[in-house]
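Q: Those protein sequence lines, which keep their order, are chains A and B.
The numbering used here puts the first residue of the first sequence at 348, with every later residue one more than the last.
The numbering used here puts the first residue of the second sequence at 1355, with every later residue one more than the last.
No lab work stands behind these hints: they were computed from the structure.
Keep in mind that a hint or two might mislead.
Unchecked claim - Below, a list of computed lysine to aspartate or glutamate pairs in the DMTMM-like style, where the Cα atoms sit at most 25 Å apart: (1) A/K532 with A/D397; (2) B/K1512 with A/D458; (3) B/K1512 with A/D612; (4) B/K1629 with B/D1437; (5) B/K1512 with B/D1612; (6) B/K1629 with A/E522.
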Amino acid sequence: MTTTAESSRPVSEVLGVPPAAHKVRDRSFVLLLGALTSVALIVLAVLLIDTAIDGVPQLSLSFLTRFPSAFPAKAGIESAITGTLWLMGVVTFVIVPLGVASALYLEEFADNSRWWNRIIEVNIQNLAAVPSIVYGILGLAYIVRGPLSLGRTVLAGGLTLALVVLPVVIITGREALRAVPPSIKEGALALGATRWQAIWRQILPASIPGIATGVILSISRAIGETAPLILVGAATFVAFNPTGLDSPFTALPLQIFSWISQPNDEFRMLAAAAIIVLLVLLVILNAVAIRLRNRYQQRW
Amino acid sequence: MAIDSVASDAAGPSAESVFGPARRRIGEKVIAVVLFAAAATSVVITIGIVISLAGETLAFFADKAVSVSGFLTGAQWTPLFSDPQFGIRPLVQGTLIITGIALVVAIPLGIGTAAFLSEYASPRLRSALKPTLELLAGVPTVVFGYFALTFFTPSILKGLLGMDVSVFNGLAGGIIVGVLIVPTVASVAEDAMSAVPQSLREGAYGIGASRRQVTVRVVVPAALSGVTAGIVLGASRAVGETMVVLIAAGQVPTTSLDPRGPMETMTAFIGATGKGDVPTGSTGYKAIFAVGFALFLITLILNTISIRFVRRYRQVYE
């Protein structure tokens, strides 16, 4: 009874609109979606253009090779650039071994029916979404002061940033390892290789491009992070380059933040110039990552 | 004994005589333990976060100037005054208002972008749009803060829209944070929409539905748990976002509900207090940890909800 009643209803009644009106509504719906999609991209474009207008006139070789100053005309970002490079070094040194080892364990060794392995997995997912400023608090309490007491040094800043991006390295590392087909490992095992020999000589070499891409993207995230460095770094007026791991430092995002915080418009223009330098550095890192991915990625 | 050796002789040479001694296995065990230790570091980090936050938070509440009820219900947050007040309400309210504004911006933009990418964009357009969105996600947040303060507030809110906003205001902070989380919302939602089986779409086309009807009435409802996961994850990022609100929304804790005026979020308080050299053990120092602990718990709850929702759609479709 009901089925015949249902099937006798015209399509327009079931779907809500007469088919003739579909075209107009469909067309405007696509336009709406396209408009929604483009908003974020337009904001990005306006942001880049506005920063370029403010910052490009300030850019010069001497801007790159001078130190922060109380006078805008004499101020530069050499110590911020060298500080950022030092931080990159520390971050890389920490996240590569720790991230790759963790990813290897979770992909190749962990038995997922064990509760502790599931805890590690859920924990990494959660850590990836912890606000970066919370890592800053941890760094302040345990690395700058407290147990490690490293002070506001390059090492303390680098370690804190490494903690922020470690979950990302592990997650992308696992994806890279998973992309290697199981037959490669099975072939090695069938030839009598031990589990570690199969991993070290077959799986790891095959997944290096993917792992390297993840590491580079994590480093580029780390050097753009500002919030944790505000708590850990603090010294924004550093008129010298770091001389070692135990040296005080500033970094590009910190220098930018400190110039934005000045009420003086001339300093804000300097901030725009420093933003351009930071973005160029990020674009270079990302371009390297994309090239690595495209060039060495194997299709199985 | 004798019978045993006869039996093994009959079965041919032992595995050991062919492959050599199993000595290497000890090394394998050591490697597994070392790798496990590396993976366990992440758990140690979490424990470190919880202990460092909880320890100082307890010390904060043990402080004479602080009471638990005053913290939860007090309307004034003036930790660095000579007569400090520690009511967290202004900070929580600032965080909620800015997160609310961000979601009003990010939900339509994020879902619209996801639907466009998953249902309409050609593969070529997709492969151009997705990296651009990733680029947006890769711009440091301090840059968005600069943009909100020096361009969005003066040129758009004041200039273009003629609004009566102060130099530092919650509206600009909220809107820019909203744009910032669009890639997060869009990418999780798009994953879910792409996972909706083609047969559902074909079924709808079969009874005469248009593409718009398939998108709105079939794909989005079928991907609803993934879309929700994206929104919740976006909310979590908005709550934890520091630089934009610190730079553009101001550092004035207030109970005013007017987003055109300045307001302070939990993250902005931590940043603003932490950048000065607060002496260890002072109440202001401990307050950073108490607010940080509240922030950590809020984002942890949001992340857990988001992970649940993602798992739900994966179970249904994958």
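Q: State for each hint whether it applies.
A: Quick rundown of the hints versus the structure:
1. A/K532 with A/D397: Distance of about 52 Å is beyond 25 Å: violated.
2. B/K1512 with A/D458: Roughly 58 Å separates the two Cα atoms, so the pair is violated.
3. B/K1512 with A/D612: holds (18 Å)
4. B/K1629 with B/D1437: holds (22 Å)
5. B/K1512 with B/D1612: holds (16 Å)
6. B/K1629 with A/E522: Given that 25 Å is the threshold and the Cα spacing comes to 37 Å, the pair is violated.
Taken one by one, the earlier hints fail for this structure at numbers 1, 2 and 6, listed in ascending order.
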